[in-house]
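Using the hints, position chains B, C and D against chain A.
Here are the chains, one letter per residue:
Number of protein chains: 4
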Amino acid sequence: MEKVMLLIHCKDATGIIAAVTNFIYQQKGNIVYIDQHVDSENGTFFMRLESVFEHTSFAYSTFKKEFSEAIAGTYEMEWQLFPSDYKPKMAVFVSKYDHCLYDILSRYNAGEWEVEIPLIISNHPDLATAAKNFGIPYYHIPVTKETKGEAEALQIELLQKFEIDFIVLARYMQIVSEKIIDLYPNRIINIHHSFLPAFVGAKPYHSAYKRGVKIIGATSHYVTEELDAGPIIEQDVARVTHTHDIKDLVMKGKDLEKIVLSRAIKLHIERKTIVYNNKTIIFS
Amino acid sequence: MEKVMLLIHCKDATGIIAAVTNFIYQQKGNIVYIDQHVDSENGTFFMRLESVFEHTSFAYSTFKKEFSEAIAGTYEMEWQLFPSDYKPKMAVFVSKYDHCLYDILSRYNAGEWEVEIPLIISNHPDLATAAKNFGIPYYHIPVTKETKGEAEALQIELLQKFEIDFIVLARYMQIVSEKIIDLYPNRIINIHHSFLPAFVGAKPYHSAYKRGVKIIGATSHYVTEELDAGPIIEQDVARVTHTHDIKDLVMKGKDLEKIVLSRAIKLHIERKTIVYNNKTIIFS
Amino acid sequence: MEKVMLLIHCKDATGIIAAVTNFIYQQKGNIVYIDQHVDSENGTFFMRLESVFEHTSFAYSTFKKEFSEAIAGTYEMEWQLFPSDYKPKMAVFVSKYDHCLYDILSRYNAGEWEVEIPLIISNHPDLATAAKNFGIPYYHIPVTKETKGEAEALQIELLQKFEIDFIVLARYMQIVSEKIIDLYPNRIINIHHSFLPAFVGAKPYHSAYKRGVKIIGATSHYVTEELDAGPIIEQDVARVTHTHDIKDLVMKGKDLEKIVLSRAIKLHIERKTIVYNNKTIIFS
Amino acid sequence: MEKVMLLIHCKDATGIIAAVTNFIYQQKGNIVYIDQHVDSENGTFFMRLESVFEHTSFAYSTFKKEFSEAIAGTYEMEWQLFPSDYKPKMAVFVSKYDHCLYDILSRYNAGEWEVEIPLIISNHPDLATAAKNFGIPYYHIPVTKETKGEAEALQIELLQKFEIDFIVLARYMQIVSEKIIDLYPNRIINIHHSFLPAFVGAKPYHSAYKRGVKIIGATSHYVTEELDAGPIIEQDVARVTHTHDIKDLVMKGKDLEKIVLSRAIKLHIERKTIVYNNKTIIFS
Numbered sequence: 073m074e075k076v077m078l079l080i081h082c083k084d085a086t087g088i089i090a091a092v093t094n095f096i097y098q099q100k101g102n103i104v105y106i107d108q109h110v111d112s113e114n115g116t117f118f119m120r121l122e123s124v125f126e127h128t129s130f131a132y133s134t135f136k137k138e139f140s141e142a143i144a145g146t147y148e149m150e151w152q153l154f155p156s157d158y159k160p161k162m163a164v165f166v167s168k169y170d171h172c173l174y175d176i177l178s179r180y181n182a183g184e185w186e187v188e189i190p191l192i193i194s195n196h197p198d199l200a201t202a203a204k205n206f207g208i209p210y211y212h213i214p215v216t217k218e219t220k221g222e223a224e225a226l227q228i229e230l231l232q233k234f235e236i237d238f239i240v241l242a243r244y245m246q247i248v249s250e251k252i253i254d255l256y257p258n259r260i261i262n263i264h265h266s267f268l269p270a271f272v273g274a275k276p277y278h279s280a281y282k283r284g285v286k287i288i289g290a291t292s293h294y295v296t297e298e299l300d301a302g303p304i305i306e307q308d309v310a311r312v313t314h315t316h317d318i319k320d321l322v323m324k325g326k327d328l329e330k331i332v333l334s335r336a337i338k339l340h341i342e343r344k345t346i347v348y349n350n351k352t353i354i355f356s
Numbered sequence: 073m074e075k076v077m078l079l080i081h082c083k084d085a086t087g088i089i090a091a092v093t094n095f096i097y098q099q100k101g102n103i104v105y106i107d108q109h110v111d112s113e114n115g116t117f118f119m120r121l122e123s124v125f126e127h128t129s130f131a132y133s134t135f136k137k138e139f140s141e142a143i144a145g146t147y148e149m150e151w152q153l154f155p156s157d158y159k160p161k162m163a164v165f166v167s168k169y170d171h172c173l174y175d176i177l178s179r180y181n182a183g184e185w186e187v188e189i190p191l192i193i194s195n196h197p198d199l200a201t202a203a204k205n206f207g208i209p210y211y212h213i214p215v216t217k218e219t220k221g222e223a224e225a226l227q228i229e230l231l232q233k234f235e236i237d238f239i240v241l242a243r244y245m246q247i248v249s250e251k252i253i254d255l256y257p258n259r260i261i262n263i264h265h266s267f268l269p270a271f272v273g274a275k276p277y278h279s280a281y282k283r284g285v286k287i288i289g290a291t292s293h294y295v296t297e298e299l300d301a302g303p304i305i306e307q308d309v310a311r312v313t314h315t316h317d318i319k320d321l322v323m324k325g326k327d328l329e330k331i332v333l334s335r336a337i338k339l340h341i342e343r344k345t346i347v348y349n350n351k352t353i354i355f356s
Numbered sequence: 073m074e075k076v077m078l079l080i081h082c083k084d085a086t087g088i089i090a091a092v093t094n095f096i097y098q099q100k101g102n103i104v105y106i107d108q109h110v111d112s113e114n115g116t117f118f119m120r121l122e123s124v125f126e127h128t129s130f131a132y133s134t135f136k137k138e139f140s141e142a143i144a145g146t147y148e149m150e151w152q153l154f155p156s157d158y159k160p161k162m163a164v165f166v167s168k169y170d171h172c173l174y175d176i177l178s179r180y181n182a183g184e185w186e187v188e189i190p191l192i193i194s195n196h197p198d199l200a201t202a203a204k205n206f207g208i209p210y211y212h213i214p215v216t217k218e219t220k221g222e223a224e225a226l227q228i229e230l231l232q233k234f235e236i237d238f239i240v241l242a243r244y245m246q247i248v249s250e251k252i253i254d255l256y257p258n259r260i261i262n263i264h265h266s267f268l269p270a271f272v273g274a275k276p277y278h279s280a281y282k283r284g285v286k287i288i289g290a291t292s293h294y295v296t297e298e299l300d301a302g303p304i305i306e307q308d309v310a311r312v313t314h315t316h317d318i319k320d321l322v323m324k325g326k327d328l329e330k331i332v333l334s335r336a337i338k339l340h341i342e343r344k345t346i347v348y349n350n351k352t353i354i355f356s
Numbered sequence: 073m074e075k076v077m078l079l080i081h082c083k084d085a086t087g088i089i090a091a092v093t094n095f096i097y098q099q100k101g102n103i104v105y106i107d108q109h110v111d112s113e114n115g116t117f118f119m120r121l122e123s124v125f126e127h128t129s130f131a132y133s134t135f136k137k138e139f140s141e142a143i144a145g146t147y148e149m150e151w152q153l154f155p156s157d158y159k160p161k162m163a164v165f166v167s168k169y170d171h172c173l174y175d176i177l178s179r180y181n182a183g184e185w186e187v188e189i190p191l192i193i194s195n196h197p198d199l200a201t202a203a204k205n206f207g208i209p210y211y212h213i214p215v216t217k218e219t220k221g222e223a224e225a226l227q228i229e230l231l232q233k234f235e236i237d238f239i240v241l242a243r244y245m246q247i248v249s250e251k252i253i254d255l256y257p258n259r260i261i262n263i264h265h266s267f268l269p270a271f272v273g274a275k276p277y278h279s280a281y282k283r284g285v286k287i288i289g290a291t292s293h294y295v296t297e298e299l300d301a302g303p304i305i306e307q308d309v310a311r312v313t314h315t316h317d318i319k320d321l322v323m324k325g326k327d328l329e330k331i332v333l334s335r336a337i338k339l340h341i342e343r344k345t346i347v348y349n350n351k352t353i354i355f356s
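So the protein lines, in turn, are chains A, B, C and D. Heads up, the numbering used here is the position in the first sequence plus 72, with the first residue counted as 1. Heads up, the numbering used here is the position in the second sequence plus 72, with the first residue counted as 1. Heads up, the numbering used here is the position in the third sequence plus 72, with the first residue counted as 1. Heads up, the numbering used here is the position in the fourth sequence plus 72, with the first residue counted as 1.
Chain A extracted, bound-state conformation:
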């Protein structure tokens, strides 16, 4: 039995759903999941589809070629096809904060996600032990103003060597440069410690405290060149009161950060996100 997953977006038109589902049927597939969305404001169609093929003659590459010719071409689709037995490879970037890293590693260790983590990259040596405890190679690449370019080249070398599919910034306290963003468009996941777009930039807990908000939040988003402005994948919030000082906000926020980041990672691994117009379609 083979299973494939299809992510599509294109200009909306009559008959797309029928065309796609009929194609799957002709290929002797059984659709086990279909979800679709039409953004009526700009007439764009989105679809996520999972299909199972029980016959032994199924060939992934043939399927891909025929879909491309018969369907994708006709409707001028942007599309992605994944064999569902492929485990994507994820790199984790960290600095000194360990709460997100431990959350990620314990989920990884428990087999919650269909993913591989070939390496952790950090600009500090502090979390090497954590990485070691979970048996994951840890690369300490210091970053200073002067060595930024060099460090980046080293990072890219590692990302390519390990054939990394996407990157998770688990409270990585450096700005990732254009070069890496271009190599991983909509494939770098960051966690920001506020309910964006409130409190963009540094020290959001200080800003939240100063403004006296009754709710704090965390936001996971794909990294784009404009800081903290990329497509939002997931957000969550927690109540706070006047009794919480900045230290309390930071503590409460850490719980939000790790849960929101892990949910975003899960959505990405399961190919449930499509990015369009700097926003996400989340099939869930």
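Bear in mind the hints are in silico, worked out from the structure with no lab data behind them. Be a bit skeptical, because a hint or two may be false.
Repeated chains share a single entry, so a pair holds when one copy, or any two copies, can fit it.
[Unchecked claim] Here are the simulated lysine-lysine pairs, DSS-like style, with alpha carbons at most 25 Å apart:
| id | residue 1 | residue 2 |
| --- | --- | --- |
| 1 | Lys319 | Lys83 |
| 2 | Lys282 | Lys351 |
| 3 | Lys344 | Lys319 |
| 4 | Lys75 | Lys275 |
| 5 | Lys282 | Lys100 |
| 6 | Lys282 | Lys83 |
| 7 | Lys159 | Lys233 |
| 8 | Lys319 | Lys338 |
| 9 | Lys100 | Lys136 |
| 10 | Lys168 | Lys338 |
| 11 | Lys282 | Lys159 |
| 12 | Lys319 | Lys161 |
| 13 | Lys75 | Lys137 |
| 14 | Lys351 | Lys220 |
| 15 | Lys344 | Lys324 |
| 16 | Lys217 | Lys324 |
| 17 | Lys282 | Lys344 |
| 18 | Lys351 | Lys204 |
| 19 | Lys137 | Lys83 |
| 20 | Lys168 | Lys204 |
| 21 | Lys324 | Lys159 |
| 22 | Lys324 | Lys338 |
| 23 | Lys344 | Lys136 |
| 24 | Lys137 | Lys282 |
| 25 | Lys136 | Lys159 |
| 26 | Lys324 | Lys161 |
| 27 | Lys344 | Lys100 |
For chains B, C and D alone, kept in the frame of chain A given last:
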């Protein structure tokens, strides 16, 4: 332009989605919404589909007949078809509490729902003014142990006279009898003031207070013969602390009750619910 | 039996709590509620205290005078004292949206709040019927660019005639001017349809849609001269997805707006708020 | 500077707050936190108070003796006094599930809590590595029907040897017997994977799935002899839909379990809980 909505469930099989979507395509419809679910435990397939027909030759009854023959018969479907311009007719049953009623009437008044409310039925006269203020006929049908059968006959007469499609029990403090439930299977919506199945029966706030829970809830469900055990449509909760006494729980609960009931009503009006195995599939 | 409520803030110092509680004890009062907060960043002390006096010789004015001399003077307190049988008088300002108004009026009608609503003021005639249904005088005072000053004078005249204690802007679509704000410092409650400080200003739902947030919110705050920047009393949020268009956000937001505004009104009526440094201390 | 924390409950009476606060003042203490609650139903008074003593002559034992005589005796209080520099000792019991353990250990490692964890006890060897990675002794004490008494004696020996103050059952899949409960009254914290009192007993996720609830929960409570019926410390919930099968509920539930358990542990460590009438007062 005509629009139809289709709700289906049947035994899962290969090709159902293709068959249905292809049928819509052949009828020159454009699918604007499709969602599906497979309960893999018992191999049941569920689908909700909205389709638009722009051609003038579309005939609802022809479509219905052809779908029945070509598709529904083949797959032994249980199915419902609705012309989307049909506004269902909803009866509201109340007693003395007015918070759910006001919430319903102000939404109705604001045009939030595609529904008609031809009448309100109550076993008390108290809320007649509220009904009058919103211009809705109010029928006071007292219910005592002795007159229960008689009252019920009167209720059924009114429900039939006004061609009521479904009933909302907006804190109606009487148990609805088997006869009415049989006439309106999965079409009587109740609001229960606890997060069922905790605290079934009467006085749930008292039980919640006694147990010292930190969260209270409300549950909207379809009424079945077993009390408080029908398929759950919607639930929500609120935090409470040791500082809240029973009166406070009641007050907080009222806010939950009205929001949860109104959400359930909205889902029902928009035909987003399918009941199966005493549970609901909620397409949203 | 008499009951008084005391709200205090002053420079923090050793012995304040003992001094206040001892004073109450000497006055033969029984403290039924005490809560305190110290803002350690700027060394400010806050307290809310409720006390019951069972002896017949208790005199409110004497108590007030003695507290002022014995305690408040010593610690240079800013303080407010309320006889707890006093029902504050609240004016409601509306425009055309009725959801907050209905929520307020149905709570008022149900006796949820210890408050009086002597009048509703609107720049439109639309909601006169709603007011009439609940038996509350409705003053239609149109506001145009030219008549703004005149309209305001008329509003102030009414507020003073009815001895209004505080004002609720229940989606009142006009900016309240400095003059009224000065007359009612920290006593004008507004509801803003976003989780401030995100999306200040007009059309927050449009901005939220455009940014693709996964959570929308509403914020109730005291009105200050800087728009949407006053002390936040209460906030709440709701989840949204890519399937919600702007109309859906508006609909979901209406539910948030009314619940958040009503919670803020309740806190204000129960004298549970102190404003300091443009933030609120909420005793709950 | 010394700091003490006082937890009190007793029959409610006039002047208690003044008596206590005045006592602290006479001892030259500065109250930095006071919170109180009166359960008016049964006339019980509860108080939590933190006080700082800056003078060098302060003696904890003298303070304790004098409070006992001057105040606690007079009002027949049940009370607890803690020097705030005392770090309580916490034992963690686990079986095979590691999600709660990792959450606890990473918080411990990050210094989030003022606590010591001298040992982990388990009826399985599986989590020994996790314990070792965080440098905490791990005692594998197998439990079978036949060896239960023996195992328990061993557990008690360890608890006493390490002077354990309280126990955390981090998904420990054995019923703790009366003997240990008697040694640690209201000092054994359990996590149950449902919003109690719904779905008591084993397999709550299966029951939740079968009932078709739209919300699942987790509950942390003190262990009493009646299973799943002890005083609730903290609860939280998460939304689920018809698309979630039992495996999904388990996964979502794990996130709830760890956060709810960790919040309960924090409250207990910070001495913010009082148990009374099988319910908790939570000062926060």
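A quick look at each hint next to the structure:
1. Taking the closest pair of Cα atoms, Lys319 and Lys83 come within 25 Å of each other only across two copies (23 Å); inside a single copy the shortest separation is 49 Å, beyond that limit.
2. Only between protomers do Lys282 and Lys351 lie at most 25 Å apart by alpha-carbon distance; the minimum there is 8 Å, versus 29 Å within a single protomer.
3. Taking the shortest alpha-carbon separations for Lys344 and Lys319, only the inter-copy value of 18 Å comes in at or below 25 Å, while the best intra-copy value is 35 Å.
4. For a Cα distance limit of 25 Å, the shortest separation of Lys75 from Lys275 qualifies neither inside one copy, at 45 Å, nor across copies, at 31 Å.
5. For the homomeric pair Lys282 and Lys100, neither the shortest alpha-carbon distance inside one copy (61 Å) nor that between copies (33 Å) is at most 25 Å.
6. Taking the closest pair of Cα atoms, Lys282 and Lys83 come within 25 Å of each other only across two copies (19 Å); inside a single copy the shortest separation is 46 Å, beyond that limit.
7. In this homomeric assembly, Lys159 and Lys233 come within 25 Å of each other (Cα to Cα) only inside a single copy, at 17 Å, whereas the closest approach across copies is 48 Å.
8. In this homomeric assembly, Lys319 and Lys338 come within 25 Å of each other (Cα to Cα) only across copies, at 15 Å, whereas the closest approach inside a single copy is 29 Å.
9. In the homo-oligomer, the alpha carbons of Lys100 and Lys136 lie at most 25 Å apart inside one protomer (14 Å), although the nearest pairing across protomers, at 28 Å, exceeds that limit.
10. In this assembly of identical chains, the alpha carbons of Lys168 and Lys338 lie at most 25 Å apart whether taken from the same copy (23 Å) or from different copies (23 Å).
11. Within a single copy, Lys282 and Lys159 get their C-alpha atoms no closer than 44 Å, and across copies no closer than 32 Å, so neither meets the 25 Å cut-off.
12. Proximity of Lys319 to Lys161 under the C-alpha cut-off of 25 Å is restricted to the inter-copy arrangement: shortest distance 24 Å between copies versus 35 Å within a copy.
13. Taking identical chains as interchangeable, the C-alpha atoms of Lys75 and Lys137 lie at most 25 Å apart only when both belong to the same chain, with a minimum of 16 Å there against 36 Å between chains.
14. For the identical chains of this complex, Lys351 and Lys220 are neighbours neither inside a copy (30 Å) nor across copies (41 Å), given an alpha-carbon limit of 25 Å.
15. In this assembly of identical chains, the alpha carbons of Lys344 and Lys324 lie at most 25 Å apart only when taken from different copies (17 Å versus 28 Å within one copy).
16. In this homomeric assembly, Lys217 and Lys324 never come within 25 Å of each other (Cα to Cα): the closest approach is 32 Å inside a single copy and 42 Å across copies.
17. In this assembly of identical chains, Lys282 and Lys344 lie within 25 Å of each other by CA distance solely across copies; the values are 21 Å between and 37 Å within a copy.
18. In this assembly of identical chains, the alpha carbons of Lys351 and Lys204 never lie at most 25 Å apart, being 37 Å within a copy and 44 Å across copies at closest.
19. Only within a single protomer do Lys137 and Lys83 lie at most 25 Å apart by alpha-carbon distance; the minimum there is 21 Å, versus 32 Å between protomers.
20. Taking the shortest alpha-carbon separations for Lys168 and Lys204, both the intra-copy value of 15 Å and the inter-copy value of 22 Å come in at or below 25 Å.
21. Proximity of Lys324 and Lys159 under a CA criterion of 25 Å is satisfied inter-copy only: 22 Å between copies versus 33 Å inside one chain copy.
22. When the C-alpha separation of Lys324 and Lys338 is checked against a cutoff of 25 Å, the pair qualifies both within a copy, at 22 Å, and between copies, at 12 Å.
23. Proximity of Lys344 and Lys136 under a CA criterion of 25 Å is satisfied intra-copy only: 20 Å inside one chain copy versus 35 Å between copies.
24. Taking the shortest Cα distances, Lys137 and Lys282 never come within 25 Å of each other, neither inside one copy (57 Å) nor across copies (36 Å).
25. In this assembly of identical chains, the alpha carbons of Lys136 and Lys159 lie at most 25 Å apart only when taken from the same copy (19 Å versus 45 Å across copies).
26. For the identical chains of this complex, Lys324 and Lys161 are inter-copy neighbours only, at 23 Å across copies versus 30 Å inside a copy, given an alpha-carbon limit of 25 Å.
27. Proximity of Lys344 to Lys100 under the C-alpha cut-off of 25 Å is restricted to the intra-copy arrangement: shortest distance 24 Å within a copy versus 30 Å between copies.
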